[in-house]
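*Asks:* If you're matching them up, the sequences are chains A and B in order. 1 is the number of the first residue of the first sequence in the numbering used here; add one for each residue after it. 281 is the number of the first residue of the second sequence in the numbering used here; add one for each residue after it.
No wet-lab data here; the hints were simulated from the structure. Ideal Cβ positions, reconstructed from N, Cα and C, are used throughout, including at glycine. Fair warning: there could be bad hints in the mix.
As the list claims (entries may be wrong) - The calculated label-pair distances, taken between Cβ atoms and stated as ranges, are:
no. : chain 1 : residue 1 : chain 2 : residue 2 : range
1   : B       : Asn320    : A       : Leu273    : 17 to 25 angstroms
2   : B       : Ala449    : A       : Ser40     : 28 to 36 angstroms
3   : A       : Arg269    : B       : Glu364    : 19 to 27 angstroms
4   : B       : Asn320    : A       : Leu53     : 44 to 52 angstroms
5   : A       : Trp242    : B       : Arg418    : 52 to 60 angstroms
6   : B       : Asn393    : A       : Leu265    : 31 to 39 angstroms
7   : B       : Gly321    : A       : Leu53     : 44 to 52 angstroms
8   : A       : Phe134    : B       : Asn393    : 22 to 30 angstroms
9   : B       : Asn320    : A       : Asn184    : 18 to 26 angstroms
10  : A       : Thr243    : B       : Ala397    : 55 to 63 angstroms
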Amino acid sequence: MTLQVAPPDVRTPEESRAITERQSGWLVIAEQESRDLWTSGRGSLLLFLFSILLSAVTYLTSTNQALNFLEQRESVNLVLQLAVAVGVLVTLVVSADGISGERERGTLESLLVTPVPRRSIIAGKLIAALTMWFATFVVTIPYVWVLARGVGILGQALALGFCVGTLVAVGLACVGLLISGVCNFNKTSIAASLFLMLILFAPTQLPSGLPQGWFFDVLRRANPVDSGLAYISSILVNGHSWTQDLSYLITPLLTAIIAGGALILAGPRLVRLTPGVNAG
Amino acid sequence: MTSTTVEAVRLTKHYGGRSAVQDVSFTASQGEIVGLLGPNGAGKTTTIRLLTTVLVPTSGEFSIAGHPSTSASEIRRCIGVLPESSGYPAHQTGGEYLRFFARLYGLSRSKANSLAAELLATVGLEQRAESSVSTYSRGMRQRLGIARALINDPVVVFLDEPTLGLDPAGQAQVLDLIRTIAKTRAATVVLSTHLLPEVEDVCSKVVILNHGRVAGAGSVGEVISTALIEQSAELRVPIDLVERARNVLAGFPNLAIDQLSEQPDVLVLAVDGAGTSGGSGDVMNAALAAITAAGIPVLRFELEGARLSDAFFKMTSEAVA
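Input sequences plus hints: build the corresponding full structure.
*Replies:* Structural data, given as structure tokens:
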């Protein structure tokens with residue numbers, strides 16, 4: 001077989017640059033990464049497992065009237081907290097595959113030689129990872145709707161879950177990408193993010209009847225997931241206003257700012273073939 | 281008029297205390313195919329990664345299409361790269377893969393579609409455009425990678441081991457494609473490979489690397505003559521004319537003549553380099569001319585030590601020693 005190469009249409013670098021600047025690379029990467037996440041079955045599987053977990057908890061909180069001593073507001077709070085906690089932590093794990101996974105699959109170098117800036121590559125991957133959070137939130141809506149009927153907190157619960165969840169998810173997705181950038185192997189990155197997920201998730205499952213001193217409060221406020229959930233709880237269960245316990249959002253906000261800032265600053269040194277911010 | 285598109289000056293890359301590439305310098309011009317040769321670990325891939333801005337050199341400078349090494353973004357706009365052991369997203373189709381990269385270079389969806397179709401046809405994959413990459417053979421993946429490297433109509437194309445793991449037919453297809461790229465697109469092709477005979481046919485220039493340093497560079501002929509390999513030749517003539525051939529060759533004082541006992545119609549010629557002006561090639565040429573002038577039919581004349589592979593082995597083994 002003889003292969004023929006047609007003479008190309010000549011485009012000057014200036015023309016290429018003008019076009020590239022019009023069409024943002026981060027958007028193209030975000031679109032492709034999201035498609036990869038959802039068409040490869042990875043995202044769908046995680047979402048399926050998430051919906052099974054949520055179904056089981058919703059079923060138990062709404063049907064077993066003999067054993068269930070929760071008020072309806074508390075039931076909504078419980079399911080929403082679980083959805084936010086699991087949703088953002090799954091987002092963390094998905095983002096932890098972002099850079100190290102590409103490195104391991106040998107697809108990163110092809111991306112690095114395109115004119116798309118390193119920070120745009122990170123932005124695209126961050127947005128793709130956040131689609132995991134948005135998908136879990138969409139799945140959560142009918143469950144919250146079922147539980148919140150008649151109490152008049154449906155809109156408030158969904159708005160609260162979306163705002164707090166998105167804030168925490170952005171911070172943790174940035175943390176996941178940072179982990180992914182500095183890890184040698186994808187397995188290390190995933191394991192580290194799973195470990196972090198356990199550390200952050202475990203305190204949210206502690207029984208509320210435990211003695212709660214100042215140390216427990218500090219611990220709770222230091223954990224971006226736990227403090228975010230505490231904020232949700234204070235509004236949904238305790239009936240506080242949105243502005244009353246804003247201090248609970250300091251840690252999620254700081255996590256997003258610090259991890260996001262670190263990604264912006266160290267991004268070009270993270271998205272490379274050799275892992276680590278100090279890699280030559 | 282051809283212009284210099286690749287210029288590397290004393291490129292050096294250290295990893296900690298280990299030197300991967302040391303003082304590598306060479307140039308390449310428009311439409312030229314440059315073979316980057318060397319044993320495993322010689323620094324070929326590191327050199328390509330430096331020139332494609334994936335790695336930052338420890339010292340030294342380079343320019344691609346007139347853009348200095350400090351203008352990484354400009355360089356990336358005018359290069360196409362097929363990395364060594366390039367991975368492909370298994371669940372994407374060949375068409376999707378190329379469309380994605382076309383859009384990264386700023387093309388609209390419709391233009392990306394038409395360019396992807398055109399390039400798939402170029403590399404002979406138009407029938408498999410909508411097949412998943414996971415169903416592609418290794419050769420097909422390499423051709424897809426080459427198509428991706430051409431997506432921005434590059435001034436310089438870097439191909440790192442494009443024939444690795446391919447069968448002879450696949451190798452021939454890829455080499456044919458490389459030759460055509462340089463010819464029709466007037467692109468410079470920097471080709472890293474282990475296929476020495478093919479390089480000799482395809483490349484207009486070679487750079488031999490060994491232990492991170494340039495062991496030899498220039499046209500194939502220049503590299504072979506630089507290697508100063510002792511040349512010998514096997515000459516087969518009709519058996520009844522062997523004695524006559526010996527008498528003709530006796531007129532060349534620098535030529536040692538031997539006869540193979542198992543093949544009495546074959547004469548082994550070796551040039552004694554000391555005192556030979558013009559090199560052993562000239563002596564061989566003159567001897568061959570004398571044989572034909574004497575009306576002796578030449579049944580076979582095979583020159584040893586004049587291949588690129590001979591120079592390659594000499595240069596890489598000398599540097600080790």
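*Asks:* Hint by hint, note whether the structure agrees.
*Replies:* Hint by hint, here is what the structure shows:
no.	hint	verdict
1	Asn320(B) - Leu273(A): 17 to 25 angstroms	18 angstroms, holds
2	Ala449(B) - Ser40(A): 28 to 36 angstroms	32 angstroms, holds
3	Arg269(A) - Glu364(B): 19 to 27 angstroms	23 angstroms, holds
4	Asn320(B) - Leu53(A): 44 to 52 angstroms	50 angstroms, holds
5	Trp242(A) - Arg418(B): 52 to 60 angstroms	58 angstroms, holds
6	Asn393(B) - Leu265(A): 31 to 39 angstroms	37 angstroms, holds
7	Gly321(B) - Leu53(A): 44 to 52 angstroms	50 angstroms, holds
8	Phe134(A) - Asn393(B): 22 to 30 angstroms	28 angstroms, holds
9	Asn320(B) - Asn184(A): 18 to 26 angstroms	22 angstroms, holds
10	Thr243(A) - Ala397(B): 55 to 63 angstroms	57 angstroms, holds
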